[in-house]
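Enquirer: This is what each chain is made of:
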Amino acid sequence: MKHTIIAAGLSVVAGAAFAQTPVLTVYTYDSFVSDWGPGPAVEEAFEATCGCDLQFVGAGDGAALLARLRLEGESTEADIVLGLDTNLTAAARETGLFAPHGITPDGLTLPIAWDDAEFLPFDWGYFAFVHDTALANVPGDFEALAASDISIVIQDPRSSTPGLGLLMWVEAAYGDGAGEIWEGLADNIVTVTPGWSEAYGLFLEGEADMVLSYTTSPAYHLIAEEDPSKTAAAFAEGHYMQVEVAGMLAGTDQPELAQAFLSFMLTPEFQEVIPTTNWMYPAALPASALPEGFETLVQPSQALLLSPEDAAARRDEALATWQAALSR
Amino acid sequence: MASRAQPLGAIHWTGAVLAALVALAVLGPLGAVMLRASWPPTLGPADWAAIRFTLLQAALSALVSVTLAIPVARALARRDFAGRRVLVTLMGAPFLLPVIVAVLGLLAVFGRAGWANDLLAALGAARVDVYGLQGIVLAHVFLNLPLAVRLILQGWQAVPSERIRLATSLGFSTADMRRQFERPILRAVLPGAALLIFLICTTSFAVALILGGGPSSTTVELAIYQAFRFDFDLGRAALLGLVQVAICLGAGALAFGAIRGHEVGAGLDRPALPWPGDTRVARALDAAAILAATGFLLLPLAAVLLKGLPALTGLPPVVWEAALRSIILALASTALAVALALPIALLVTRLRRPGLVEGLAFLTIAVSPLVIGTGLFLLIRSVTNPIPLALPVTGMVNALVALPFLLRALVPAAMEAEATQGRLAEALGMRGLARLRHAILPRLRRPLGFGAGLAAAFSMGDLGVIALFSTPGQGTLPLEMYRLMGSYRTDDAQGAAVLLMALTLALFWAFDRGGRLDAVTR
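Protein chains in written order, with the working numbering: chain A, 9 to 336; chain B, 1301 to 1822.
Just so you know, the hints here were simulated from the structure itself, not pulled from any lab data. Ideal Cβ placement from N, Cα and C applies to all residues, glycine included. One should not assume that every hint holds.
[Stated by the list, open to error] Think about it this way: if two alpha-carbon atoms lie no more than 20 Å apart in a straight line, the pair counts; the simulated EDC-like pairs of lysine to aspartate or glutamate are:
#: 1; chain 1: A; residue 1: LYS238; chain 2: A; residue 2: ASP149
#: 2; chain 1: B; residue 1: LYS1607; chain 2: A; residue 2: ASP235
#: 3; chain 1: B; residue 1: LYS1607; chain 2: A; residue 2: GLU233
[Said to hold, decoys possible] Which bits of chain A does chain B cover? Going by a derived footprint, with three or more residues having C-beta under 8 Å, they are:
#: 4; segment: 190–200
#: 5; segment: 248–256
Use the sequences and the hints to build the structure in full.
Expert: Here you go:
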């Protein structure tokens, strides 16, 4: 601890003294920088080539990240923001703080086309209801789920990005019929948690049959715990995607370095870290390069994703529908 | 009460300055958020619904907590048995745990797949659904009953055993005891204890959301989250923060107005035995109260322990580093909290309307940590880079949040010390530091130890504002535990929870015990 304080103090002094080593500051969500996330490996790999000091700053989750950036405005220390998803990029773009990345991404392996001047994807996943393989009568779509007595735990869209993802999933699949789906789901929902961790924890404790997570979640149990007992339910409507992106700030004092980082982000060195740290699909890595076990995961028939503008425009109304249906 | 004619000494002026600084530390960040907002902010119908629901659940939680705490505290005060001290310490654990750990423990017992429901099912009864308002109240009672018991127990223990002996020789009945001792005690301690728990529950976020079952259980704290993160409406967030200030001051005025001081001397931490008017029925009821509370509070903790113990030895090194960091942070926070609390408590004893100053200090728990953290971030950022300051700022905020607990423990004792020792000290011409050292402080040892223990445990177990500032290599133990949970490592997270529970209890026990040493050796 004392060493940490001293080290922190020294690094401030050192930062001033050795100003010739350029510093690239990357704001990201907390679980990216944790010892179990991709942060440490990514930092090591990039610093080996860039002749720079890559500094991660963690801030909650994707939504907290955007709030932080809005608070700081143009005077932000960030050169890169990494970890927003497409439900947030419209609002992020609107701040005017982001610069075009100027990169033509080759070899993207997303199931959708990508064309965004400011943001580049680094990983993605399908939202899905994860359950135990022992569960009987697994529903095949939202209507079957609503009609069943299967219990689920979901996250609150107001405080959680997966929660917002589910809101958009129902919105993308059912549009004006979303309210009816939510009313039907109301008696299946055990509870609504503030974040993903709490919901997943409750599911593992046996409080519900299924939890809103990702199709890639079972890969963790399979690969890290050698436990094949978790799987995800394939829904006929298709599965909404979460695409996580990064962008560089217009006010950065290290534009070349920032661009170099964004290019690095789509190289195998970065991408290969993702599957077994973030437990998501890398955005630019062929399926053949995925770790063993990923081939067992459920493959949705259809990928659903609202454009950032659509997602932003329909968000408030979708939330009001959700609240009204579940408050009954 | 203290002799009013006494002039305020240096220590009291220090207390006044510190109290002003504490209020500033809450209102300053709130103002900083407001300055960044676009005006005029407005509250929608959903916000008002959230305010109503918050008041309802917090009032219910406080009421049930203190009501249930009375028989438990009374039983603990009147009975002696092997392991009583250990039990009193252990029973405090739920209050000291990070919320998510406590909730998971509680659900292991009362959840859909919990032991209690399994038992009901085995008996052929219907399973009980814990989610909803009843779940929120259940969890808040679980978290706060220990605090209520300790605060009320302190009131009982303040009765000198000489008086109990006198009552015995006078042949007091149960009704006499109630009128002469118990009602005055309760009138002195209940409003403060209820207020503290009410305010803790008004800023409840994760508990209310997880156990509330859905958006109809939206609290003010969640509305603030939504304003910040979902709508980025700083004005609404700040306005909701102001509503919390108003709730705090309103509830404070009500509660402190209801407090009636009582003049009894300080006692030893020994049950006053035999209790006058004791009967077999009373003994059985006391035993039942203690057993019920023990089961309710300790079963969920046992669940946490059972799940986490196997992972304890295999915890990654980063968790142990974080544990060390958290201990040092907790000690620093405690030192700061005590340094703030002592002068403020002494000042409060000299005021004609003591509730006002203590009420100001209560703002630190009544106003959203998200608003205060964000405001502090904005304030610090206008001067320097906040990121290297993450740990010191977390320590400072933890100390501020612990302040009301320390004050609630200290103020009644300080008033008594002034009342019982003040006149003698005055007669002896003792002033200033000498008076403090010889007449007042010895009487404050026990509440100081208890309060410092609460402060240390709180700082240890609370996630605090570190989550807003976090950078790699600065994680505290609660933060690392959340990170483990957030990266699927549930087993390790449960191990970390056990480590956290053990360290928190050990810190609390060390301080609490330290404060009682004089009583033990006497």
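Enquirer: Going straight from one Cα to the other, do B/LYS1607 and A/ASP235 come out at no more than 20 Å?
Expert: holds, 18 Å
Enquirer: Is it true that the CA of A/LYS238 sits at most 20 Å from the CA of A/ASP149?
Expert: holds, 18 Å
Enquirer: B/LYS1607 and A/GLU233 were given as a pair; does the straight-line alpha-carbon distance stay at or below 20 Å?
Expert: holds, 17 Å
Enquirer: Count residues of the segment 248–256 of chain A with a Cβ under 8 Å from any Cβ of chain B, then say if the count reaches three.
Expert: violated (count 0)
Enquirer: Three or more residues of the segment 190–200 of chain A near chain B by CB distance under 8 Å?
Expert: Contact hint for the segment 190–200 of chain A vs chain B: holds, 5 residues under 8 Å.
Comparing the model with each numbered hint stated earlier shows that hint 5 is the single one that does not hold.
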